[in-house]
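When you get a sec, could you build the whole thing from the sequences and use the hints?
For reference, the chains in residue letters:
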Amino acid sequence: MKTDHTRKNGGRTPSSACTKNGGWGHPPSLAKPAQTVRLGWHHLCLEIPECWEVLGYGMRSRDGRLLLSDPGGETLQVHWKRLRRPPNLENRIAEWHRSQGDSTAISTGTGHADGWLISAGSSHPLLAVRYDAESKALLTLVFSDHARQGIGDEAIGKVLRSFSTNSGKQRVWAAFGLDVTLPAEWKLESVEAWPAAQRLHFERRRNERVSVHRYGMLPVVVGNDTDATFFARIKGSRILARVERELETRGPRQGTLISYEPAGRGLMELLRKPSRGLAWLWREQSVPRLFIFDQLLRGQGTDDEPVGEVRCQ
Amino acid sequence: MNQPSKISGAEDSVELMRRQHASIPVRNAAVDQETGEDGAVRLHVPLRDSAWRGLLGGLLPFAKERQLELDALGEEVLGWCDGRATVRDLIERHRQRHLLSFFESRAMLLSFFELMMRRGVLVMKVDDAAPGGRNS
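Just so you know, the protein sequences line up as chains A and B, in that order.
For the first sequence, position 82 matches number 81 in numbering that gives the first Met the number 0, and the numbering has no gaps at all.
For the second sequence, position 124 matches number 123 in numbering that gives the first Met the number 0, and the numbering has no gaps at all.
By construction, these hints were calculated from the structure, which means they are not laboratory data.
For each residue, glycine too, the CB sits at the ideal point set by N, CA and C.
Treat the hints with care, since some could be wrong.
What the hints assert, rightly or not - On the chain A side, residues computed to face chain B include the following (Cβ under 7 Å):
1. E52
2. P70
3. G72
4. E73
5. H145
6. P194
7. M216
Shown next, in the form of structure tokens:
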């Protein structure tokens, strides 16, 4: 599948987008189809072709990898590892070539570009490594032959140039069609990536959680339920929920604001610290998907401001 | 050390996916389909006679067929399996019909095909001459 991946979605600037936090009011990307989408995970943000989807992921901040594919096959592996001191990148490239059983490609096609040390022969995967001093992480991107043939080295160069660090006070988590920006203290807790249902769960401390949901096939998944009923259904019977406001407008979106209190069981109910949940549900007609931003914070405060920002891809 | 795994597997995955997507799901002609009064679609899959079943058939009430009930989504996808459409065609059709991403549709359809193959409703015709096939 060869497409023009050169245009950016909605004119977003990838480098600045990674640290931007505009609250609920950030305009969603309504222009479809997008040519590129944002990938945000541990330590990095990239703009990638929209047909590249994450098929495998690592959860740890210390080290891990992402595996991306397009309909034709694997396109990109992203590896990260936190290191105490900057590594010798040339050695890393040489080690990688040795692991591939090839020692000749090092001298034929290694060079620096946009902060990356790149190594690529004519018939090899393209390897790009960099040490990100802000996150103290060694980042390695491996673009497969299939990716090189599919979008070409020039487009791969654009992917590399779109890199921005993801280690500031605000962190971007963008994968599986979700794109959320949260303060750094919120740690990725779990991921559920199913067909037509994707959820990212974050935790700050015990009993403080943020979840971002995205649902597709709405006539089948939601059916005749209202969005509020659907939310109550997925939360289960352990909450006391109340619709605060319907047709609530935040920025360009209109949706439903629900408050809820988690209900404990038996003695746990007595020991439970007071906490208040707020969920904002809205539909993106252009996608079309149902999105939910669900936050559970300690205390009984009435502050209903979201702790993060969600984009819709 | 941040040593990426050898990426030779990536090329295997390209070939595997190519072959997978070029396969054609073909319905078992012996399977009967009926729509009940409640609108549910039921499949009747005949069971193969084995030696044991032949010997004990007169004594024990062996079922001659297995019944499967499909939901609306399953019925829809099975209806698309005309013996000509490839897996890739069906994924694209499903993706456009339900406005999903390619890999969302792929995951749904492959698990459905796997179930149907296990139950004897479908077989997968693999074209060895197709790119990635044995004779390509």
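Verification of the supplied hints:
no.	hint	in the structure
1	E52	holds (5 Å)
2	P70	holds (5 Å)
3	G72	holds (3 Å)
4	E73	holds (4 Å)
5	H145	holds (5 Å)
6	P194	holds (4 Å)
7	M216	holds (5 Å)
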